[in-house]
Structures are given as structure tokens and as C-alpha cells.
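Work out the full structure, taking the sequences as your base and the hints as a guide.
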Amino acid sequence: MKKIEQQICYLDSNVLISRISPERRSDLIAHYLQQGRLQGFTFFSSVLASLEVSRFLHRTNTPERTQKQFQEHKTDALAGTELVRLNSQMLTSASTFTFPHLGSLDSIHLGTAQAIGASHFLTNDKQLLRACEEVGLATSF
Amino acid sequence: MRRIKDALMSQLHTKANRYRNWYHLFMSMNLRLSESLAKSLKALSKETGKSQQELAREAIAEYVTHYKLLRFPPEIRHMIIPAEREFGEFYSENPVTLPPGVTSDEIMRDLRKDRL
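These protein sequences, in sequence, are chains A and B. Okay, so the first sequence: first residue is 953 according to the working numbering, each after it adds one. Okay, so the second sequence: first residue is 298 according to the working numbering, each after it adds one.
Hints are not guaranteed to be accurate.
To be verified - 30 Å max Cα-Cα, derived DSS-like pairs, lysine-lysine:
1. A:Lys1026 to B:Lys410
2. B:Lys347 to B:Lys365
3. A:Lys1020 to B:Lys365
4. B:Lys347 to B:Lys336
5. B:Lys347 to A:Lys1078
6. B:Lys410 to A:Lys1020
7. B:Lys365 to B:Lys339
8. B:Lys365 to A:Lys1026
9. A:Lys1026 to A:Lys1078
By construction, these hints were calculated from the structure, which means they are not laboratory data.
Quick look at the structure:
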């Protein structure tokens, strides 16, 4: 697959969810994203992240939340993030990671980041952070 | 006589409102096309059975949606879904309200759990 000739920062879904979740606000992640923007990075994630944000919103749904509010939350979480469609190359790449504690969804995110040629990967997940460092992806700015 | 006049005025008023609402909902614009493009559009309209306006609207919508993709190599454009909105503020002004006693971390951990 031809890689994107831009500086790419891949965002894990937990970073996207922290944008709409008040108790997960992290100054460090906000700082990294700000740095990434200043340095001209483009933010990417997988369509899987869009699904995970939706699942998160369904899990936290309340009778008062309208469909419009649901959509607004989702848009807020994903704002400024280009999404990459999954393909078999990404799934194959995901299946080759040997880290024993890396979950299936985590490995898909990691495989997608590698497939599009990301140099940075932002996540709040410790296992995934370790795996990113092992494969040579920067996890901070 | 007065009643008829009132009824007519109210009808006019409603029509004016309707026009005003319609105008605010749908922006109108004049589009100048070259002769050849106008001919092609007319031919396409006949072929598809869609009005020329409808075709022009569809074409503009598609262009606007995919304009951002032009900065990526053509080979991978089909794989990218452009962001719906610019980045803006990092944190949402209207965060979600979580059910009592539940944290986002717990939800995320649960969502990320592999199937057994």
C-alpha cells in the first residue's frame, strides 16, 4: 500500500473519547495534540475508532440524550481526525504482532497506524504504549 | 368584504413566510457554465432523468466532500474518510454525562476486552 507522504499522528480511540469525557481530560494528551498541530501533523485513526466512540456513547446513553446530541458528541470526538477504512493488509499486519497481551482491537489500531506510515501514535493504554515503542512509533511530541 | 381581505392578507403573509423560510434553508446561486458544459449537463439530465439543478447540486456536494482528499495520493484516497469537522477545541464544550458510579476507563476496558 502506498503510504501517505505527510507527517501522520495516529490517534487511538481512547484519546478521541477523552475529548468528550470530562473525567478523562488529560493535559498531557492535549499538549501533545497541540504540539502535533503546530508541527503540521495530520491526525488519523481507523474507522474502528468511529465504531468504538459510538459504542461508548451507546453505553453511556441516557433517555434525555437526543439523536442530535449523540451525533454532536460523536462529531466532537472525531473532529479533525481523518478515518482510514480497514483492509485485509491491515488485518494481516495486526495478526503478526507477537506481543502476548495486545488485544485484537489494539492490534488493528497498531496495524493501521503502521500501514499508513504513521510516525506517532497517541494512546492512554499502557499495553499499547509499550507495543508502539517496540515497533518504533513515537508516543509523545 | 373585510373578512375576504383579511383572509387574502393572511395567505400572502404565509406565502411570504414560506418563501423566507425556504430562502434561508436553501441558498440560491447563479452558475455560469460554458456552452459545452451546459450542453453536457443538459444531455446528462436527459439521460438520467434528473433535473440540471439536481445534478449540479450532487456534483458540488461530492466535490466539497472529497476536496480534502486531494492532498492524499490518488491510490489511497478511496481508503480515507475525511474528517467531518475541523479540529477546533480539543475538549468538547458539552461532554457526555456518565451514569453514576461508572468511569470511562471501565467502559473502555470493557469495550476493548477480547471475546472469549
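Cross-check of the supplied hints:
1. A:Lys1026 to B:Lys410: holds, 22 Å
2. B:Lys347 to B:Lys365: Given pair lysine 347 of chain B, lysine 365 of chain B holds - Cα atoms ~27 Å apart, limit 30 Å.
3. A:Lys1020 to B:Lys365: holds, 25 Å
4. B:Lys347 to B:Lys336: holds, 15 Å
5. B:Lys347 to A:Lys1078: Given that 30 Å is the threshold and the Cα spacing comes to 55 Å, the pair is violated.
6. B:Lys410 to A:Lys1020: Answer holds: lysine 410 of chain B to lysine 1020 of chain A is near 29 Å, not above 30 Å.
7. B:Lys365 to B:Lys339: The hint holds at about 29 Å.
8. B:Lys365 to A:Lys1026: Holds, at roughly 20 Å.
9. A:Lys1026 to A:Lys1078: holds, 24 Å
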